[in-house]
Amino acid sequence: MLASFIIVFREVLEAGLIVGIVLAATAEIPRRAPYLWGGLLAGFAGAGLVAAILGELTDAFAGNGQDVFDAAILGFAVLMLGWHAAWMSRHGREMANQMREMGAEIAAGHRTMLAMAAVIAIAILREGSEVALFLYGIATAAPLGAAALISGGMLGVLTGGAVSWALYRGLLAIPLKHLFGVTSTLIALLAAGMAGQAAALLANDNYIPALGYQLWNTSWLLSTGSIAGKAAQALLGYSDRPMGIQLLIWVITLFSLLWLSHRASRPQTLHRQET
Amino acid sequence: MAEKDIIFSRLALSLAAAATALPAMAAPLHLVLESHHFTPDHITVPAGKRFKLLVTSHDTTPDEFESPDLRVEKILMPGQTITVMAGPLSPGRYKFYDDYHPESAHGIVEAK
Chain G
282 MLASFIIVFR EVLEAGLIVG IVLAATAEIP RRAPYLWGGL LAGFAGAGLV AAILGELTDA
342 FAGNGQDVFD AAILGFAVLM LGWHAAWMSR HGREMANQMR EMGAEIAAGH RTMLAMAAVI
402 AIAILREGSE VALFLYGIAT AAPLGAAALI SGGMLGVLTG GAVSWALYRG LLAIPLKHLF
462 GVTSTLIALL AAGMAGQAAA LLANDNYIPA LGYQLWNTSW LLSTGSIAGK AAQALLGYSD
522 RPMGIQLLIW VITLFSLLWL SHRASRPQTL HRQET
Chain A
268 MAEKDIIFSR LALSLAAAAT ALPAMAAPLH LVLESHHFTP DHITVPAGKR FKLLVTSHDT
328 TPDEFESPDL RVEKILMPGQ TITVMAGPLS PGRYKFYDDY HPESAHGIVE AK
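In the order they appear, the protein sequences are chains G and A.
Following our numbering, the numbering of the first sequence begins with 282 at its first residue and continues without gaps.
Following our numbering, the numbering of the second sequence begins with 268 at its first residue and continues without gaps.
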């Protein structure tokens, strides 16, 4: 039971940390609930679908199908996070004040919420398909002994969900004027980590140059095999043995998103003076 | 125009060369997962070289070949063979395991 708890908890935590940040980053967007639920459900459905076709997926791209698929959805999530960063930079702070009721802003909020729903769906799909196959394996291998393992898994889902919820609530405790700055930095780190992971996957399969397979090794300090290491990987893109290309793409993505979300201050001031 | 073409094709060639300039590759090694055990569970690879593992599952349920040391995480369906690329490693011992059955299915890659 403990083993299945740990495996499921780890996967749920990885997805949940991302979801928690997305929840906090969209806290000020009106009428977001349907998108969040939509993203969640799409993620569950996607996880089931990927689990069901995983054998075929693995054999695609000359046996690199899992990596290519993972890199592709990570890349898509990065684009969606970039879109959100650019949008929030123009509308984020205003929304906290007077823009809530304006129809145009809500329409724009609709688009960025679609983007963020996609990020939620991707986060859940990636980890959820692993959990689904793990639980499926348990259930088919030992139907009689499965109860304890399944309840361990369920406990893992609940605990992982609770930690993610705590992260979300904790972020919301940040005063509103700082919340935007904190969440936009977290979103930038999240996107940088995803982009770096995608690059490492493609480089490991020789699609792109690795620019050094191992720049350094900090596994003695924080191993990506540990739960803390996995959390740092999900949140910050931490790798204990980063590739050159991974670091390069991480830096480029981080600064692009930070630039996208901070470029805003000026036009926003202008906008305020007009209204 | 021709000159431009030449420049572009040279650029493309040098990019392709950079992309394919990979470290020496060792011969692929085969691993089998059966009854949630790896056979062999201790393999030796040359240090400083990229290497390829072919992992075949004879289990009846899904397995996940995982190793933070080798930076690998790949699911195997029953009966399937997956390709795992890793390295170059500095001399030492590196753990791998089946994340779905970590107590029984684990092994060591030794780089010499």
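Worth flagging that the hints you see were computed from the coordinates, not collected in a lab.
A few of these clues could be false.
Below, in silico cross-link-like pairs of lysine-lysine (BS3-like), each with a Cα-Cα straight-line distance of 27 Å or less [what the hints assert, rightly or not]: (1) A/K362 with A/K316; (2) A/K319 with G/K458; (3) A/K379 with A/K362; (4) G/K511 with A/K362.
A few chain A residues facing chain G, derived, Cβ under 10 Å [claimed, not checked]: (5) A293; (6) A294; (7) L296; (8) D308; (9) H309; (10) T327; (11) T328; (12) P329; (13) E331; (14) G346; (15) P355; (16) E377.
Interface residues of chain G toward chain A, partial, derived using beta-carbon atoms under 7 Å [as the list claims (entries may be wrong)]: (17) Q347; (18) A423; (19) H459; (20) N485; (21) T499; (22) W501; (23) S504; (24) G506; (25) A509.
Every residue, glycine too, gets a C-beta built ideally from N, C-alpha and C.
Numbers of the earlier hints that this structure fails to satisfy, in rising order: The structure conflicts with hints 2, 5, 6, 7, 8, 9, 16, 18, 19, 21, 22, 25, although it agrees with all the remaining ones.
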